[in-house]
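As they're listed, the protein sequences go chains E and H. Using the numbering used here, the first residue of the first sequence is number 1, and each one after it goes up by one. Using the numbering used here, the first residue of the second sequence is number 1, and each one after it goes up by one.
It should be emphasised that the hints constitute simulated quantities derived from the structure, not laboratory data. Don't take each hint at face value.
As the list claims (entries may be wrong) - In the DSSO-like style, the derived pairs of lysine-lysine whose C-alpha atoms are separated by at most 30 Å in a straight line are: (1) H:89 - E:201; (2) E:185 - E:173; (3) E:185 - H:174; (4) H:89 - E:298; (5) H:174 - E:88; (6) E:16 - E:298; (7) H:112 - E:185; (8) H:92 - E:298; (9) E:278 - H:130; (10) H:238 - H:2.
What the hints assert, rightly or not - Cβ pair distances, simulated, as ranges: (11) E:275 - H:376: 40 to 46 Å; (12) E:214 - H:70: 23 to 29 Å; (13) E:214 - H:118: 36 to 42 Å; (14) E:320 - H:238: 35 to 41 Å; (15) E:275 - H:67: 51 to 57 Å; (16) H:192 - E:352: 45 to 51 Å; (17) E:286 - H:159: 57 to 63 Å; (18) E:283 - H:33: 47 to 53 Å.
To be verified - Here are some chain H residues the structure puts well away from chain E; computed CB gaps all over 10 Å: (19) 10; (20) 12; (21) 105; (22) 248; (23) 297; (24) 376.
Predicted model, so just to flag it, every value in this text is computed and none were measured. A virtual CB, placed ideally from N, CA and C, is assigned to each residue, including glycine.
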Amino acid sequence: MKSKRLIYFILQLKRKAKLLPRVLALTLALVIIAGAAGFMIYKNSMNDESKRLITIGIVGNDKSKLIDTCVNALKTLDSSRYAVKIEKMTEDEAQNNLLGGAISGYIVVPDNYAKDIYYGRDSRLKYVSIGGASGIGMALISELIGITAKVGLENTNAIYGAQFYVRDHFPDKNASDAGDRLFEKYAALILTRNELYSVKKVGVSGHPSLLVYLICGLAIMFLLLWGVSCSPLFRRNGELSCMLSTQGLGATGQILGESGAYFVLMLLCTVPLFAGLKAIVSLLNIDLGEFASLLSGKFIALYFLCAFMLCMMQLFLYELARDGISAPVLQFLNAIVQGYICGCFYPQSFFPEGVRLFASHLPVGVAVRILGEASPSAITEALIYAALFFAASVLLRRRTITRWEAQL
Amino acid sequence: MKPLKRLCLWYALLTKRILKQKAFLAILLLIPLMACAMRLMPPHDGGIVSVAVAKLGDDSFSSDTVARLTEGKSVIKYTLCETEDEAVKAVKSGQCDAAWIFLEDAGLQAAKFAAGRSTDGAVKIIEREKSVTLSIARERLFIAMFPYISYGAYSDFLNDMSPEGTVTEAELNKYYDANIKKTGLIEYYYVDGTRQMTSDILTAPVRGLLALIIMLAALASCMYACREEHRGVFEHLKGKKRAFIPLLCHITAVVPTAVASLAALYLSGLWTGLQRELLTMTMYILSVAAFCEILRLLCRSEVTLGAIIPVLVTLMLVLCPIFLHIDNLHILQYSLPPFYYLNSVLNGAFIHKFAVYDIAVCIIASAAALGNLIRQK
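Next up, chain E with everything else stripped away, as it sits in the complex:
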């Protein structure tokens, strides 16, 4: 019995060895090329003043200080210095730029907006964008614009108040001059607002930085998408399983052989990648800083543990859906849904408490916890999941064999 299992394992290893290294090598090469290209484009765009990530236009004929205040406020916001660029333009220019993709959106300030809001009339700013469904990006832009509008509103409120006060109480003084002087005062206050708080960076022991966390999320997504890529390796029909069973190799032996071969080959293909990266880092004496943990022995061991659990999950899904179209679609659906709610794209704090708790115990959530915190409870959960997926795969295979035996 044992020798049959071993023979099947070796056969599977040979079968997968024909395809898997090619799949992995191609995937890795493409990822490295895409990553390098993306990094270079990103770096260029960050260095180039004219190519910020987001450009916003400001449109309007309001003669008050409001537009200048808004532009000034947005320009001096810390967060906008390297993310947002703003430009004053006409509405036609803004529309053309928006349709041409040169700007992300534009704010329209209605005529007499400042006066209208001061007198309590219903007048609102309009933010016009091209659409799409950019959740987190749109949320950040909305937050920035909301902040700018509120700064502009408070300033306008005070400037108008001061001008009307001067007009009513000091008829000999120029109200407009008073408004200008107060505007300058506000501009100075916005510019020096950092004096209001002291900032200290503490870091967190045992917890990854946001960037490291997102890299871990991407690494997990990559493992999940590998499952889609490897669909040609898992295609088989029930007839073969039935035949193997009649030859004395039952469902357990078949699943052991297939999962073992898949995992071993994945290790063999990934170890050189980690080893190569480590060698380059040590040869060139590169200081990786916060990313050093991503190449530590502990991280690599934990990554393989995650890969083991996710391999078992993928095998189970391939037992659920076998045909050429359903199998990759199911793998992808699982990858994208679990990846999303378990925090591979957004930080987990983004989700409501209940969802966060539920997602942290799903297989991908467990993998995120393993790579992020290396928590012992997550490691135990991963092993339990791997065992459960293995058992469920065996049961499904057994059912397939029984069905085919009945048909034959």
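Starting from the structure of chain E, add chain H where the hints point.
Same frame as chain E, now just chain H:
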């Protein structure tokens, strides 16, 4: 009429071949169910950034600022802490990204700042790391403090102007904010003049993710078609139709997935209207099928196609407006079907570009398919 009838027959046969797979039907049912589950998520109490807030004093400045911070919707999630230690601990343990500690004399320091005098700071900020989101959060803190500072600066300014040096509180208030509105300052519109829906940030990426699932159905069909071609399944077909059968296969795989996705959009509350949804989805089906056929003809093997899936999916996740809004990689963005679809659904002006893309990609796919047929012969 006869060719059309034959086409319909082929379409029906190929669809039957796919729909007889129980697993595929189960997946189609799963798509709207998952979208529905997203909508039923508990009320959103999460945020892009989480901040622990603590007040060391009991002045009105700190209390009002904290009240302003926690009112209304924001991308920041606040956790109120009793003490400074508790807030710092929340950051160090990774529970929160930052702590904002209002010092005992925060009100006094803010007043000094508003008067343009040097200050020791009103708030102590402890952060885990440097990030754009934490910078935006700091601006949110500033804006919560700003009404107090703005009023202080205004009051000082008028007092300095007044020969007696004192303007009464009542007069200051009378001129400052008798009528001004503090909420509903901005309305969001699309470039075609339609008003933007106020969708939850959590469900916002659902449309993009569904678009990717449709794309994946087409890619899976490509892998399947590659295998069928190698096995010679379509060899017996005569003439040009052999060249177009794989394209029809992709459409038969994509249409049921698109129908399931439309149901998912309806159930998740992202539905924009029957006409717009049907038009853009039809255009998307065509573009996806043609785009994937071009990829299939370029890759030529199931394994190569499988290998490009992770890269292609990652590219689409980054470059299409699903999670991010990137403006400066147009060449790549304008070559991906989901980019057109996601932009067209909410922006009528983009549909023309989508139509041009559709026509171009269909012509290229047809030419490539015919070229492949000639090469095979």
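Here is how each hint holds up against the structure:
With a CA separation close to 13 Å, the supplied pair residue 89 of chain H and residue 201 of chain E stays within the 30 Å bound. Under the criterion of a C-alpha separation no larger than 30 Å, the hint pairing residue 185 of chain E with residue 173 of chain E is consistent with the structure, at around 18 Å. For the given pair, residue 185 of chain E sits about 21 Å from residue 174 of chain H by alpha-carbon distance, which is consistent with the 30 Å threshold. Between residue 89 of chain H and residue 298 of chain E the alpha-carbon distance is near 26 Å, which keeps this suggested pair within the 30 Å criterion.
For the given pair, residue 174 of chain H sits about 33 Å from residue 88 of chain E by alpha-carbon distance, which is inconsistent with the 30 Å threshold. Restraint check for residue 16 of chain E and residue 298 of chain E: the C-alpha separation of about 28 Å stays at or below 30 Å, so the hint holds. With a C-alpha separation of about 14 Å, the suggested pair residue 112 of chain H and residue 185 of chain E falls inside the 30 Å cut-off, and the hint holds. The straight-line distance between the Cα atoms of residue 92 of chain H and residue 298 of chain E is roughly 22 Å, inside the 30 Å bound, and the hint therefore holds.
A distance of roughly 27 Å separates the Cα atoms of residue 278 of chain E and residue 130 of chain H; the hinted pair therefore holds under the 30 Å criterion. The straight-line distance between the Cα atoms of residue 238 of chain H and residue 2 of chain H is roughly 16 Å, inside the 30 Å bound, and the hint therefore holds. Between residue 275 of chain E and residue 376 of chain H the beta carbons are some 43 Å apart, a value that agrees with the proposed interval 40 to 46 Å. In this structure the hint that residue 214 of chain E and residue 70 of chain H lie 23 to 29 Å apart at CB holds, the actual value being about 28 Å.
Taking 36 to 42 Å as the suggested C-beta distance range, the pair residue 214 of chain E and residue 118 of chain H conforms, at roughly 40 Å. Taking the beta carbon of each, residue 320 of chain E and residue 238 of chain H are about 39 Å apart, inside 35 to 41 Å as hinted. The hinted range of 51 to 57 Å is satisfied by residue 275 of chain E and residue 67 of chain H, whose Cβ atoms lie roughly 56 Å apart. Taking the beta carbon of each, residue 192 of chain H and residue 352 of chain E are about 33 Å apart, not inside 45 to 51 Å as hinted.
The hinted range of 57 to 63 Å is satisfied by residue 286 of chain E and residue 159 of chain H, whose Cβ atoms lie roughly 59 Å apart. A hinted range of 47 to 53 Å for the beta carbons of residue 283 of chain E and residue 33 of chain H is consistent with their spacing of about 52 Å. Every beta carbon of chain E lies more than 10 Å from that of residue 10 of chain H, the smallest distance being close to 17 Å; the non-interface claim holds. Every beta carbon of chain E lies more than 10 Å from that of residue 12 of chain H, the smallest distance being close to 17 Å; the non-interface claim holds.
Annotated as non-interface, residue 105 of chain H keeps its C-beta farther than 10 Å from every C-beta of chain E; the closest such distance is 13 Å. Against the 10 Å criterion, residue 248 of chain H stays outside the reach of chain E, whose nearest CB is about 14 Å from its own CB. At roughly 17 Å, the least C-beta separation between residue 297 of chain H and chain E is larger than 10 Å, which holds for a residue marked as non-interface. For residue 376 of chain H, the requirement that its beta carbon stay farther than 10 Å from each beta carbon of chain E is met, with the minimum near 21 Å.
In this structure, the earlier hints numbered 5 and 16 are contradicted, and the remaining ones agree with it.
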